[in-house]
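With the hints as extra help, turn the sequences into a complete structure.
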Amino acid sequence: MKKITIIEIALVLFLFAIVLLPPVIVILTGSHAPYYPVSSRLVDEALALQGISVVSVTYNAWNLPGATGGKTYLIIDRDGQETRISTQTFSSEEARDAAIRSWHAGGTGKGRQAGALFVKGETLIAVTPSDRPVVEILGRYLQEK
Amino acid sequence: MGDTADGSSVLQNKKVLGLFALAMINVAAVLSIRNFPSMAVYGWSCIGWYVIGTIFFLIPISLAGTELATGWPEGGGVYAWVKQAFGEKGGFTALFCEWSNNLIWFPTVLSFIASTFAFALTPSLATSGIYMFTVMMIAFWGTTAIAYFGEEASTRFGNVGVILGSIIPALLIIFLGLWWMGSGQAIVLPPFSIGAMVPTVNLSTLPFFASVILLFAGMEMAGFHALETRDPQKDFPRAMAISAVIIVVCTVLATLAIAMVIPADQLNLASGVMQAIQYFFTAAHIPWMVAPMAVLITLGGVVSLAAWLIGPAKGLGIVAEEGNMPPVFDKTNKYGAPVAVLVIQALIGSAISLLYVFLPSVNQAYWILSAMTVELLCIVYVLVFAAVIKLRYSQPDTPRPFRIPGGTIGVWIVGGLGILGTTFAFIVGLIPPSYFQTSGFVYVGSVLLGTFLLAVPPLVFLHLKNPSWKEKGGAS
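As they're listed, the protein sequences go chains A and B. For the first sequence, position 78 (counting from the first letter as 1) is numbered 78 according to this note's numbering, and the numbering increases by one without interruption. Converting from the second sequence to this note's numbering requires adding 1000 to each position, the first position being numbered 1.
No lab work stands behind these hints: they were computed from the structure. Just so we're clear, the structure is a prediction, and the values are computed from it rather than from any experiment. Ideal Cβ placement from N, Cα and C applies to all residues, glycine included. Any given hint might turn out to be false.
[Unchecked claim] Computed beta-carbon distance windows for the label pairs:
#, chain 1, residue 1, chain 2, residue 2, range
1, B, A1145, A, F14, 22 to 28 Å
2, B, P1401, A, T29, 49 to 55 Å
3, A, I18, B, S1183, 55 to 61 Å
[As the list claims (entries may be wrong)] Chain B residues, not near chain A, derived (Cβ > 10 Å throughout):
#, residue
4, V1016
5, F1020
6, L1178
7, W1179
8, Q1185
9, R1238
10, L1253
11, H1285
12, Q1395
13, G1416
14, L1430
15, G1440
16, V1444
Set out below in structure tokens:
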């Protein structure tokens, strides 16, 4: 029977602690977005304020539990590149949070999603692709709001 | 091998892996249906993104991995390769980064598995924390249990799983795309042009650039199974080539099929791959295929999880066997599986999954964790590419059944492209997305600190290394 020394036990505990530390700190210190009613015209206002014209607006329903509907805005910039901003309201905080997890679970490979996701109260705002100037504009507006 | 959990001596590693099994390990690790909708939103320019990933990563890692795996067909994969070039510190650090990035990534892929499986049952289950955690744990501990039964069991599961869960769904999507085109239905992509394939590369795209570079991460996975490979010198090069072709063909064609059939406004990334699949099959008048497809894609997720879960754990088992970790990590069962590492890994992964599911979702926290995963992977690959270059100088005469063509210049080009791509990915991984609401300083600090903590344990273990660890571990 081999004896396990204190240093060995300490090293096992050290491994547990140091590996768990980053995700625990990041998740616990991250600011959870509160759930509250949000104007359905939030994106319209943001785009109008910046003088961004929208090519089309359609109503949509994300195929996710608790999703209660939203709008998809199509923007085409001077170079002809299309950007879609899709909003969705959720019936509960749990449903909204599940949608956020679902978003992050869809990242490419072991990396990130191809779009940008904003959380504002009961609403998620997804912008695809994420390489368009409107993403930054919208982000700034939502932060100030 | 090391110590066994029941005190008996371990069987010699069985040579159970042939060409097909090796190729399937890589395919399982890399080919993921999960990626297709994310890339399809870029339309034709997804081709350009894939080309970038292929030039700066897939080709370099395939060539470097093949040369290293055939030259040093030892257990431990990246550990053995980097150790040859930079010693134990380098090898252990590379392996540990490969292992620790998985621990952060596991909840993401487990969450994907659980929510996709919910689609086959009742989609609303995905909002239930209890359901999500239960399925995640069944998948995680079930995969760990398969790994417990050694290489033969894992290989059988992996071979069947990757065909059913990754290759068949991808082929189905491709064939449906071809049928769509052939039947004269409307193609939602704009007309093809060379210019349309060119991706937009600017400051806003850079964070995504890092993800694309590492889109094909995992091509080195077969290297962890060198000890169980029947003829590594002959089989590794062919397995790398076969797996690279399968991955590229399936990925590019299936992504284009989705992009051609599904209108961009229906490609909702939050709903993930299953909404795309549902739209696809409904349009093809076979909506009954959605639930079986959800089951297959769930299986594909589990197989991918298994590939990442088993390889680095086996490597860590080798590190412990060599006396670089306390003997408690060097418990190997009668099937040759590193049971102590597997259990520790499963416990840590379960704890992180618990936080992931039951704590309120923190959008930006997930973003930071994903950035840490990328940074740790970059460390692994920079070390691997640097190793293939250095070994040409430090061990020029070691027989390499496969050599990167072009002599020293060739190895510098291949290794250099790989280092360039992964270093660039590392740097841009530190740039917060332009719309990030946390201050840049907090973002960079969090990512760097987390990466440091998840990379540093090997240095602590080696500093405290005790000769008795090897004696105890190797006593059996």
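Now for the hints, and whether the structure bears them out:
1. B:A1145 - A:F14: 22 to 28 Å: Since the Cβ atoms of A1145 (chain B) and F14 (chain A) sit about 27 Å apart, the hinted range of 22 to 28 Å holds.
2. B:P1401 - A:T29: 49 to 55 Å: holds, 51 Å
3. A:I18 - B:S1183: 55 to 61 Å: holds, 57 Å
4. V1016: holds, 28 Å
5. F1020: Non-interface label stands for F1020 (chain B): nearest chain A Cβ at 24 Å, farther than 10 Å.
6. L1178: Per Cβ check, L1178 (chain B) is outside 10 Å of chain A; nearest 24 Å; holds.
7. W1179: holds, 23 Å
8. Q1185: Given that every Cβ of chain A is farther than 10 Å from that of Q1185 (chain B), nearest at about 21 Å, it holds.
9. R1238: Consistent with the label, R1238 (chain B) stays out of reach of chain A, its closest Cβ about 24 Å off (over 10 Å).
10. L1253: holds, 17 Å
11. H1285: Holds: least Cβ distance 19 Å, greater than 10 Å.
12. Q1395: Correct as stated: the minimum Cβ-Cβ distance to chain A is 31 Å, above 10 Å.
13. G1416: Holds: least Cβ distance 22 Å, greater than 10 Å.
14. L1430: At about 13 Å from chain A, L1430 (chain B) clears the 10 Å cut-off, so the statement holds.
15. G1440: At roughly 13 Å from the nearest Cβ of chain A, G1440 (chain B) sits farther out than 10 Å, so the non-interface label holds.
16. V1444: Given a closest Cβ separation of 13 Å, the condition holds.
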